[in-house]
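K.L.:
Chain W: place on chain A using the hints.
These protein sequences, in sequence, are chains A and W. For the record, in the first sequence the residue sitting at position 441 is 449 according to this note's numbering, with numbers rising by one throughout. For the record, in the second sequence the residue sitting at position 61 is 395 according to this note's numbering, with numbers rising by one throughout.
To be clear, the hints were calculated from the coordinates, so they are not data collected in a lab. Small disclaimer: the values here were computed from a predicted structure and weren't measured. C-beta atoms are modelled at their ideal positions from N, C-alpha and C, and glycine is treated no differently. Wrong hints could be hidden among the right ones.
Unchecked claim - Calculated lysine to aspartate or glutamate pairs in the DMTMM-like style (CA-CA distance at most 20 angstroms, straight line): (1) A:K476 / A:E466; (2) W:K401 / A:D208; (3) W:K362 / A:E496; (4) A:K414 / A:E496; (5) W:K401 / A:D217; (6) A:K424 / A:D462; (7) A:K532 / A:D462; (8) W:K401 / A:E215.
As the list claims (entries may be wrong) - Beta-carbon label-pair distances, calculated as ranges: (9) A:N85 / W:G351: 43 to 53 angstroms; (10) W:G351 / A:P214: 19 to 29 angstroms; (11) W:E372 / A:A121: 12 to 22 angstroms; (12) W:A359 / A:R246: 26 to 36 angstroms.
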Amino acid sequence: MNLDAALQTFLVESRELLENMESSLLQTEHQAADTETINAIFRAAHTIKGSAGLFGLDDIVKFTHVVESVLDKVRNNELQLDSDLASLFLESCDQISALVGNVEAGNDSIDPALADKGAAIIDRLNVYLGVAPVAAVVTPAAQQAANVAAQPQGAVAETDNWHISLRFGVDVLRNGMDPLAFMRYLQTMGTIVSVMTLSDTLPAFPEMDAESCYLGFEISFKSDADKATIEGVFEFVREDARIRILPPRSRIAEYVDFIRELPEEEQRLGEILIASGTLTQQELDEGLKAQADIANEVSLPLGSILVENGAVQPAVVEAAAEKQQQIKDAKAKVPRLIRIDADKLDTLINLIGELVIAGAGINVLAQRSASPELIESSENIGKFIEEVRDSALSLRMVQIGETFTKFQRVVRDVSKELKKDITLIVSGAETELDKTVVEKIGDPLMHLVRNSMDHGIEPADVRQQRGKPLQGTIKLNAYHESGSIVIEVSDDGGGLNKDRILAKGIEKGIVSPGQVMTDQEIFKLIFAAGFSTAEQVTNISGRGVGMDVVRQNIEALRGSIGIDSEQGVGTTMSIRLPLTLAIIDGFLVQVGKSAFVIPLDLVVECIELNESDRSNEESRNYINLRGEVLPYVRLRDLFELDVDSDADDEAARENIVVVQYANTRVGIVVDRLLGEFQTVIKPLGKIFSHIRGIGGSTILGSGEVALIIDVAGLIEQVQAREPQPVQMISD
Amino acid sequence: MASSKKKGAVEKLIVEGELTIYTAAEMKEKIGTLLSNESIEIDLSQVGEIDTAGLQLLLLAQRECAKQEKTIVFSSPSEAVLACWNMCNLQETFGVTA
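Looking at chain W on its own, in the form it has when it is part of the complex:
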């Protein structure tokens, strides 16, 4: 469901399938380990479904990175993720220009 691989100095996490309450606890751990890196990329292209639990994890990750002055990139968000951000008016927050 999620895999991470080194890509230069950037730690990349690819989230696959659902980003929902069912996977939230697991995902939080993965993001936790990711936070030890300076630069993080979370690939959201494979996310088929996202709910509130998933969304707030993304918000948490972003706030945490900002606090620790790290860079985080949410790359190629899928349809589902985009629709969710759109609905919550969070495109700017996640760095997407409409």
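Bound-form chain A, shown alone:
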């Protein structure tokens, strides 16, 4: 094991622990902190301090030590974990995180700003400890000097001391651990009253290996820490060393047992214990005698004796067992995950895209050859290609939960800043979507959440007047719906003020006065560039640059955003995104000689456009679909395609493909339905970007190009054309 690798492990572990600590702390804000949560927070801080101590990261140890001390008081019910203290701990978390980041960046020293910040937090923490703030920042060296000076050497015999016996394994040094570092760390938890350094196992000069460890220590230690904490110091060498820790005022028989356990001669150890002030000569003599008396009767293993005598607290055993289980779990998980360069995955998906196109080509040739065997094998290949495609795409799918979790902290901090009491409820965290999408959705989501908190949720007094609960609620929800993922940000705030938005829109010249608009259209105005209705600009939102950027970001992902709002009740913003960005299942249709692909997930049904509806076409562009109004659009008219002159009778029959997007259904009138088609999405060139209703292109098996219908864009166009609002389908 080399040191760098160990340090890397420390960094990764610290990050995880800090995350746990943060989420536990946030948890305590929502519900009363139970012992388990507080213990988890304490353990996280403690482990970070312990590991940092091993690497000699004094800054982290020093800072975390204070945090741990305060946490200890909380754990012992001496302090109440209120929201102020929790905030302070969260800030401490950030500080530790910054310090860890500093180590990660390879900096030897911390920059003054960071140190000042740390000192400020320590001052505030010290208030809880009842320590007067330290005016000057104590340098680690000075601290160490002070420790050394304060440590009485030799003869002072104090009764209430722990006795710690350490014998390190030969490989400890090679494993990157330094016994002296443990001693230094031990000093941070109490006072080393006396030490005996044992070099008895040091071999003769020629046999001695400079990289093996031969030293042992007998330590008399004065501290208020409990046994688990002291044992925690040596956690990293537990397997590599013989460690015995005897609590203060242990029975003499235990010391005797302990002496027997150790490799050195009894007499020498007895002397050591006497010299270190742990035992008196008289106590030792009596103990040895008593031990000899019972030795003939039963010989119990030391472990059981320790438990029996209460030397090992049951909590210690439990903690150890739990820790071991955690390590085991972590080990079981690690080998099942492989880290892969995202580029490699992209290459794979591109290749599979080409495979899909090539497969479609073979399929066309097979159909043309009319050889049943060839058709069958080509279909087989097609089936496998589809499976390979699906599993390759699923490699890129990640759960949105992690993105959502980040918002707990955001909501907490922003609500403090705004002095509003707001809680965040997350649901659908296990919903999966493409990794690229997850990465890009973070910023727009952040903006929406902040916006809801700032403008949506009313101040407490207003909420009270309106008879709402004083605590505002923001909800984040995600779910799959017909080939899209929907992410909703909703609040129970004041809702959008239609009149004000409309007035503002007129003022900005975005809409003309007297224009008839649906609610949806009015709400969408807030996504126009330079539009902000906030009466005052806060540092959270209100500069009017945000919402149009949000819209652009979402549209860049081939998604859309919708708003549902009721004045006084709340607002819901729904972001709708395609599940994947590369390959989709398409539905191939034909108009004249041109082929189009409609995303299959959006297709609800296909029906024939019958004669009576066609005859009515002059007056209207909708049909009666089982009692519902279904507006439709002809692709031929929309894209101004030539009428196929040599069309036979069959082609003259038209079909309607009913598609649904975001609760709106429309019909697309086409000539022929060609069926399902695996579609590799190829982006259109920039010059086509202004064309509405087309989302991309794909290559057919015959080598021809088909355009992919952008259903969202199409629906917008249909709606714009319809004078009356489109029938909404309630779900």
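P.N.:
Below, chain W alone, put in the same frame as chain A:
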């Protein structure tokens, strides 16, 4: 990192920089060659860092000299070395009066 020079009958080894696991093997060799002399001085004034590996080498050197009835002096220990001896209660062993 370490240099030795003759100074009368006393062989003097000046240890510079770190006296740790990274330099321990090399240092042990140097001390080994030093042991052929009757009187040895190890100058620790330039030691910036010392760990367990370094410490046990010093203990080894001292025990070896005692065994062979040679004199060994650890001269002008640096801050780091002193702190280490202090912590391990080895000042007397190395002939430092507190």
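K.L.:
Against each hint, give a clear statement of whether it holds in the structure.
P.N.:
Hint-by-hint comparison with the structure:
no., hint, result
1, A:K476 / A:E466, "holds, 10 angstroms"
2, W:K401 / A:D208, "holds, 14 angstroms"
3, W:K362 / A:E496, "violated, 68 angstroms"
4, A:K414 / A:E496, "holds, 16 angstroms"
5, W:K401 / A:D217, "holds, 19 angstroms"
6, A:K424 / A:D462, "holds, 11 angstroms"
7, A:K532 / A:D462, "holds, 19 angstroms"
8, W:K401 / A:E215, "holds, 15 angstroms"
9, A:N85 / W:G351: 43 to 53 angstroms, "holds, 50 angstroms"
10, W:G351 / A:P214: 19 to 29 angstroms, "holds, 26 angstroms"
11, W:E372 / A:A121: 12 to 22 angstroms, "violated, 58 angstroms"
12, W:A359 / A:R246: 26 to 36 angstroms, "holds, 27 angstroms"
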